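J.: Construct the complete structure from the given sequences, taking the supplied hints into account.
Chain by chain, the residues:
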Amino acid sequence: MLKSLQIDPEKCTGCLQCELACSYENEGIFNPSKSRIKVFNFHEQGRMVPYTCTQCDDAWCMSACPVDAISVDAETGAKVVSDAACVGCKVCTIACPFGTVNYNASSGKVIKCDLCGGDPKCASACPTDAITYVDANWTGIDKMRNWAAKTDSGSQAEA
Amino acid sequence: MAWARNILRVNLTKGTCANEPLNMDWAQKYLGQRGLATKYLVEETDPKVDPLSPDNKMIMATGPLTGTCASTAGRYSVITKGALTGAIACSNSGGYFGNEMKNAGYDMIIIEGKSEKPVYLFVEDDKAELLDASAYWGTSCWDTEEGIKAKHQDPQIRVASIGISGEVGVKFSCIVNDMHRAAGRSGVGTVMGSKNLKAVAIRGSVGVKVDDPEKFLAATAAGKEVLSENPVTGQGLPAFGTQVLMNVINESGALPTRNHKEVQFEGANNISAEAMAEARPGDGKANLLTTAACFGCTIGCGRISTVERSHYTVAERPEYQIASGGLEYEAAWALGAATGVDDINALTFANFICNEQGFDPISFGATVGAAMEMYETGVISDKETGGIELKFGSAKALTDLAELTGKGEGFGAEIGLGSKRLCEKYGKPELSMAVKGQEFPAYDARSIQGMGLTYATSNRGACHLRSYTVSSEILGVPEKTDPTAIEGKAGLVMAFQDATGAVDSSGLCLFTTFAWSLDDIAPQIDAACEGEWTAERLVEVGERVWNLERMYNIRAGFTGADDTLPKRLLKDAAKTGPAEGKVSGLGKMLPEYYELRGWTADGVPSNETLERIAL
Numbered sequence: 022m023l024k025s026l027q028i029d030p031e032k033c034t035g036c037l038q039c040e041l042a043c044s045y046e047n048e049g050i051f052n053p054s055k056s057r058i059k060v061f062n063f064h065e066q067g068r069m070v071p072y073t074c075t076q077c078d079d080a081w082c083m084s085a086c087p088v089d090a091i092s093v094d095a096e097t098g099a100k101v102v103s104d105a106a107c108v109g110c111k112v113c114t115i116a117c118p119f120g121t122v123n124y125n126a127s128s129g130k131v132i133k134c135d136l137c138g139g140d141p142k143c144a145s146a147c148p149t150d151a152i153t154y155v156d157a158n159w160t161g162i163d164k165m166r167n168w169a170a171k172t173d174s175g176s177q178a179e180a
Numbered sequence: 077m078a079w080a081r082n083i084l085r086v087n088l089t090k091g092t093c094a095n096e097p098l099n100m101d102w103a104q105k106y107l108g109q110r111g112l113a114t115k116y117l118v119e120e121t122d123p124k125v126d127p128l129s130p131d132n133k134m135i136m137a138t139g140p141l142t143g144t145c146a147s148t149a150g151r152y153s154v155i156t157k158g159a160l161t162g163a164i165a166c167s168n169s170g171g172y173f174g175n176e177m178k179n180a181g182y183d184m185i186i187i188e189g190k191s192e193k194p195v196y197l198f199v200e201d202d203k204a205e206l207l208d209a210s211a212y213w214g215t216s217c218w219d220t221e222e223g224i225k226a227k228h229q230d231p232q233i234r235v236a237s238i239g240i241s242g243e244v245g246v247k248f249s250c251i252v253n254d255m256h257r258a259a260g261r262s263g264v265g266t267v268m269g270s271k272n273l274k275a276v277a278i279r280g281s282v283g284v285k286v287d288d289p290e291k292f293l294a295a296t297a298a299g300k301e302v303l304s305e306n307p308v309t310g311q312g313l314p315a316f317g318t319q320v321l322m323n324v325i326n327e328s329g330a331l332p333t334r335n336h337k338e339v340q341f342e343g344a345n346n347i348s349a350e351a352m353a354e355a356r357p358g359d360g361k362a363n364l365l366t367t368a369a370c371f372g373c374t375i376g377c378g379r380i381s382t383v384e385r386s387h388y389t390v391a392e393r394p395e396y397q398i399a400s401g402g403l404e405y406e407a408a409w410a411l412g413a414a415t416g417v418d419d420i421n422a423l424t425f426a427n428f429i430c431n432e433q434g435f436d437p438i439s440f441g442a443t444v445g446a447a448m449e450m451y452e453t454g455v456i457s458d459k460e461t462g463g464i465e466l467k468f469g470s471a472k473a474l475t476d477l478a479e480l481t482g483k484g485e486g487f488g489a490e491i492g493l494g495s496k497r498l499c500e501k502y503g504k505p506e507l508s509m510a511v512k513g514q515e516f517p518a519y520d521a522r523s524i525q526g527m528g529l530t531y532a533t534s535n536r537g538a539c540h541l542r543s544y545t546v547s548s549e550i551l552g553v554p555e556k557t558d559p560t561a562i563e564g565k566a567g568l569v570m571a572f573q574d575a576t577g578a579v580d581s582s583g584l585c586l587f588t589t590f591a592w593s594l595d596d597i598a599p600q601i602d603a604a605c606e607g608e609w610t611a612e613r614l615v616e617v618g619e620r621v622w623n624l625e626r627m628y629n630i631r632a633g634f635t636g637a638d639d640t641l642p643k644r645l646l647k648d649a650a651k652t653g654p655a656e657g658k659v660s661g662l663g664k665m666l667p668e669y670y671e672l673r674g675w676t677a678d679g680v681p682s683n684e685t686l687e688r689i690a691l
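From first to last, the protein sequence lines are chains A and B.
Just so we're aligned, residue 22 is where the first sequence starts under this note's numbering, counting upward by one.
Just so we're aligned, residue 77 is where the second sequence starts under this note's numbering, counting upward by one.
Bear in mind the hints are in silico, worked out from the structure with no lab data behind them.
One thing to keep in mind: the hints can contain errors.
[What the hints assert, rightly or not] Distance condition first, Cα-Cα at most 25 angstroms in a straight line; then the derived SDA-like pairs of lysine to any residue:
#1 285(B) with 127(A)
#2 664(B) with 561(B)
#3 285(B) with 119(A)
[Said to hold, decoys possible] Partner residues are not named here, just some residues of chain B that face chain A (Cβ under 10 angstroms, in silico):
#4 214
#5 218
#6 279
#7 284
#8 304
#9 367
#10 371
[Claimed, not checked] Negatives, chain A to chain B, calculated, CB over 12 angstroms:
#11 22
#12 23
#13 30
#14 65
#15 103
#16 155
#17 157
#18 163
#19 168
#20 171
Fair warning: this is a prediction, and the values are worked out from it, not measured in the lab.
Backbone N, C-alpha and C fix where the C-beta goes; we use that ideal spot for every residue, glycine too.
T.: Take a look at the structure:
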């Protein structure tokens, strides 16, 4: 079953455990500035929003890469950057409409979410289930269930 | 590992920034943050120094775990001689700033001297410089943080700044980071203001390593599991925040009310966690908007609120029709019960002003409470207050004074003296509810006996964060003790003080200790740091830190006579509740405490004690 990262900003507390887990998994060091997932804090609105690559099927980054350094992981569907092939031209960072591919000056390559090979560490590190890794065909199932429970409760109570 | 092994030393008089290696011998003895920075302060400054003189230093310090994935490991502290107290000050803050400082590669930033003109310190990893802050001087913490991010075109910069209150010398000014987290107590922001340092802005990308990563990931995962399964850290705090306490403490008859005249507040429910979550009549929404965690925190006790738009404080002022941090229990108590005000929107607004202009809501609210008592008893009148009708329960008086105090204007400048100086000024020193010049937090010493001893002996003046025996006496953690009993409290307070000294030196949040004992914490520190770190060793560190702070205060001129409480708590019995008829039994607890500490009858650590703990 193909799985996908599902993000529910309402559950996010802004603790950045996802950024810590991501940077440790990919860089071997606790360093949120090197995380592939970022949490945005809109202070005046009291909103915290995690954001990362959604692994587009027809991926702009992949199409734009002049040296075919980005390929699809057949197992996970992730678009994965090959460090060996990447020349650091940054065209993919321009092509991506969401900004989730970024250049890493210390390595001279681009970095993006690769779903940790099918075990995304951000999801397992999230203490509030704001980030989950779920069936790609049913990312809305929890929301549907919640609304189903709400919309049905009235008739149940009356019955 | 874990430590960055690097200090940034900033001399504001000379305008220099330089790196130096961290003293690792001291790190092994004092761990980090509170303990280690206090050691540096003790070694480098004269305890008799005027807190606002250029000779006082201000140290921002992280712990070895700061910036790692251990739960809550984003803390930093500010260590200096307190402007409010003249005692050792150590104010701890969460948010994201501590991690950024550590990620930039610094255990500490030591700030010396005084700049001729307002400046801010800008740090990008190993690059540090002092920049002109004239554009931000005279503006709030909010405008400063946003201004610096805009100027450098970098929204990822983390900023710790002072507001106008810190510039104009309000004695209980904070250093505010990330818009609403604060190194809050003892006037550390006032010290920063005296140095003409408006802000410290940091962007870090060096990262933090630990000694044994595999062991560390296992130990921190086990720790997180314990937190999530504990009723306080896994349910109470995430669901209600610290405000979970308001009704509990009121029912225990331990909620100091109207400048400690009473111990129960009839309006407690109106300012509680439950009230924050209640739908407002005006717009059907609750004040409480969401939960906000600090860096790395899997508990998430922080609250983000709004003020109802039709409320008099914000109706004509769209700039305050926003969300900001609060209410937190201590602030809600000080702004509410201590002043007799039960208008939750007024409290939330006053708390916003504290966030915006950077001053401590505990000392502010408590000082307003003392001023209200002086007003009601005719000691001061409209002449002194500038026409503010300063009666207990007046929301308008509270919010007007919050705005005036934030800018040090009108009677706000007098509130900004803190209750000790204010009450002395008007010949009523006995009305100041404070120890060593610092106002009490939200627990009455008559009703929770351990807290009386906690306050009297706290090295930074009255404080709940030096030994939170409420945990045992009210919540039953780690085991229940009778809050009205004095037996055994000396030992309880000492144990809490020592454990807290260690936790505050590690980079972790004290709130973890509702669930974690030092046996849960030691493996995390042990995996991250060189050396063998056991629970026993952490207790030793805590005891050493406690005595180091005590010795600083003694050299600063404090004596055992300062380990006392206002007469009101020693003579006037609690009028209602479970502790009705009780006064603080401090007189009986204190000698036992001195003896257990290995101090003389005058409260001075004996030579044998200092030798035993290698001080």
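J.: Using Cβ atoms and 12 angstroms as the threshold, tell me whether residue 163(A) really stays out of contact range of chain B.
T.: Label holds. Min Cβ-Cβ 19 angstroms, cutoff 12 angstroms.
J.: Minimum C-beta separation from residue 168(A) to chain B exceeding 12 angstroms: can you confirm that?
T.: holds (20 angstroms)
J.: Does residue 304(B) meet its interface restraint, that is, does its C-beta lie within less than 10 angstroms of any C-beta in chain A?
T.: Because about 7 angstroms separates residue 304(B) from the closest Cβ in chain A, which is inside the 10 angstroms limit, the hint holds.
J.: Measure nothing beyond the straight line between the CA atoms of residue 285(B) and residue 119(A); if it is 25 angstroms or shorter, mark the hint as holding.
T.: violated (31 angstroms)
J.: Need the status of pair residue 664(B), residue 561(B): alpha-carbon distance at most 25 angstroms?
T.: holds (11 angstroms)
J.: Taking 12 angstroms as the cut and beta carbons as the points, is residue 23(A) off the interface with chain B?
T.: holds (28 angstroms)
J.: Taking C-beta pairs only, is residue 22(A) more than 12 angstroms away from all of chain B?
T.: holds (26 angstroms)
J.: May I ask you to check that residue 30(A) keeps its beta-carbon over 12 angstroms from the closest beta-carbon of chain B?
T.: violated (10 angstroms)
J.: For residue 103(A), is the shortest CB-to-CB distance to chain B above 12 angstroms, so the non-interface label stands?
T.: Non-interface label stands for residue 103(A): nearest chain B Cβ at 24 angstroms, farther than 12 angstroms.
J.: Can we keep the residue 367(B) interface hint, with Cβ of chain A closer than 10 angstroms?
T.: Given a least distance of 5 angstroms, the restraint on residue 367(B) holds.
J.: Closest CB-CB distance from residue 65(A) to chain B, is it above 12 angstroms?
T.: Violated, because the least Cβ-Cβ distance between residue 65(A) and chain B comes to about 4 angstroms, which does not exceed 12 angstroms.
J.: Does residue 218(B) meet its interface restraint, that is, does its C-beta lie within less than 10 angstroms of any C-beta in chain A?
T.: holds (9 angstroms)
Hint check: violations occur at hints 3, 4, 13 and 14; the rest are consistent with the structure.
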